[in-house]
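*Asks:* Sequence:
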Amino acid sequence: MTSVFDADGKNIPCTVIEAGPCVVTQIRTVEKDGYAAVQLAYDEMKEKHASKALIGHFKKAGTTPKYKLVEFKNDFAKELNLGDTVTVEDLSEGVQWVDVIGISKGKGFQGVVTRHGFQGVGGATHGQHNRLRHPGSMGASSWPSRVFPGMRMAGHMGCDRVKVANLQVIKVIPENNLLLLKGSVPGAKGSYVIVED
Numbered sequence: 001m002t003s004v005f006d007a008d009g010k011n012i013p014c015t016v017i018e019a020g021p022c023v024v025t026q027i028r029t030v031e032k033d034g035y036a037a038v039q040l041a042y043d044e045m046k047e048k049h050a051s052k053a054l055i056g057h058f059k060k061a062g063t064t065p066k067y068k069l070v071e072f073k074n075d076f077a078k079e080l081n082l083g084d085t086v087t088v089e090d091l092s093e094g095v096q097w098v099d100v101i102g103i104s105k106g107k108g109f110q111g112v113v114t115r116h117g118f119q120g121v122g123g124a125t126h127g128q129h130n131r132l133r134h135p136g137s138m139g140a141s142s143w144p145s146r147v148f149p150g151m152r153m154a155g156h157m158g159c160d161r162v163k164v165a166n167l168q169v170i171k172v173i174p175e176n177n178l179l180l181l182k183g184s185v186p187g188a189k190g191s192y193v194i195v196e197d
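17 is the number that our numbering gives to position 17 of the sequence shown; each next residue is one higher, with no gaps.
Errors might be hidden in some of the hints.
[To be verified] Pairs of lysine to aspartate or glutamate residues, derived as EDC-like cross-links and limited to a Cα-Cα distance of at most 16 Å, are as follows:
#, residue 1, residue 2
1, K182, D6
2, K78, D197
3, K68, E31
4, K105, D160
5, K73, D197
6, K73, D160
7, K66, E44
8, K163, D99
9, K68, E47
10, K73, E18
11, K182, D197
12, K59, D84
13, K32, D6
14, K73, E31
15, K73, D99
16, K66, D84
17, K32, E18
18, K171, E89
19, K78, D90
20, K59, D75
21, K68, E44
22, K182, D75
23, K171, E18
[Claimed, not checked] With beta-carbon atoms standing in for the labels, derived distance ranges:
#, residue 1, residue 2, range
24, I27, V162, 26 to 32 Å
25, W143, E196, 45 to 51 Å
26, E47, G120, 52 to 58 Å
27, S142, E18, 30 to 36 Å
28, Q119, E89, 46 to 52 Å
Since the hints were made in silico from the structure, they are not lab data. From the three backbone atoms N, C-alpha and C, an ideal C-beta is built for every residue, glycine too.
All chains should be built: construct the whole structure from the sequences, respecting the hints.
*Replies:* Here it is in structure tokens:
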């Protein structure tokens with residue numbers, strides 16, 4: 001993240017996203033595929049790292065292999081054809097708010113205090129000395145003699161698909177394909193995100 005100053009001198013925290021150029025690698029149609037969508041590819045890849053099937057797929061679009069392939073079912077403002085390039089300029093036409101989808105940072109195995117916000121068992125009185133961050137009682141007694149499914153417990157945290165809605169577009173820099181969004185987006189630095197208007 002970084003920050004920029006607006007016209008009033010207010011400091012705005014924002015995230016810089018390199019949005020493109022993306023190449024149209026496939027056009028899905030209702031007649032052939034059962035639904036309408038556009039497949040976009042981003043981030044150059046060496047041919048030695050791509051499978052032969054991927055190389056053939058990208059050659060149909062007249063481009064080199066890419067790392068990221070994403071389908072968009074939403075209608076684009078202009079008609080797109082195979083091999084066309086979509087840049088951040090296509091987004092800059094009056095778009096002020098966008099949604100960003102990404103994979104959140106992985107936190108590993110976490111306990112109930114970190115994962116679900118439990119307060120722990122309580123103080124160190126009444127005979128306890130080492131259970132301050134434990135979940136405490138989590139089930140009934142002799143019936144049903146089990147823990148119900150869906151109980152909030154310790155476990156894997158993070159690495160989830162997260163959508164942050166309605167992020168304000170602060171600035172668009174078309175010459176560098178950069179997009180400045182107010183606030184933070186999911187994922188680690190350098191990770192892939194999907195930007196939808």
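*Asks:* All hints, please: hold or fail.
*Replies:* Going through the hints against the structure:
no.: 1; hint: K182 / D6; verdict: 11 Å, holds
no.: 2; hint: K78 / D197; verdict: 14 Å, holds
no.: 3; hint: K68 / E31; verdict: 26 Å, violated
no.: 4; hint: K105 / D160; verdict: 8 Å, holds
no.: 5; hint: K73 / D197; verdict: 12 Å, holds
no.: 6; hint: K73 / D160; verdict: 22 Å, violated
no.: 7; hint: K66 / E44; verdict: 5 Å, holds
no.: 8; hint: K163 / D99; verdict: 7 Å, holds
no.: 9; hint: K68 / E47; verdict: 14 Å, holds
no.: 10; hint: K73 / E18; verdict: 22 Å, violated
no.: 11; hint: K182 / D197; verdict: 14 Å, holds
no.: 12; hint: K59 / D84; verdict: 13 Å, holds
no.: 13; hint: K32 / D6; verdict: 48 Å, violated
no.: 14; hint: K73 / E31; verdict: 15 Å, holds
no.: 15; hint: K73 / D99; verdict: 15 Å, holds
no.: 16; hint: K66 / D84; verdict: 15 Å, holds
no.: 17; hint: K32 / E18; verdict: 33 Å, violated
no.: 18; hint: K171 / E89; verdict: 11 Å, holds
no.: 19; hint: K78 / D90; verdict: 9 Å, holds
no.: 20; hint: K59 / D75; verdict: 25 Å, violated
no.: 21; hint: K68 / E44; verdict: 9 Å, holds
no.: 22; hint: K182 / D75; verdict: 25 Å, violated
no.: 23; hint: K171 / E18; verdict: 12 Å, holds
no.: 24; hint: I27 / V162: 26 to 32 Å; verdict: 29 Å, holds
no.: 25; hint: W143 / E196: 45 to 51 Å; verdict: 49 Å, holds
no.: 26; hint: E47 / G120: 52 to 58 Å; verdict: 54 Å, holds
no.: 27; hint: S142 / E18: 30 to 36 Å; verdict: 60 Å, violated
no.: 28; hint: Q119 / E89: 46 to 52 Å; verdict: 50 Å, holds
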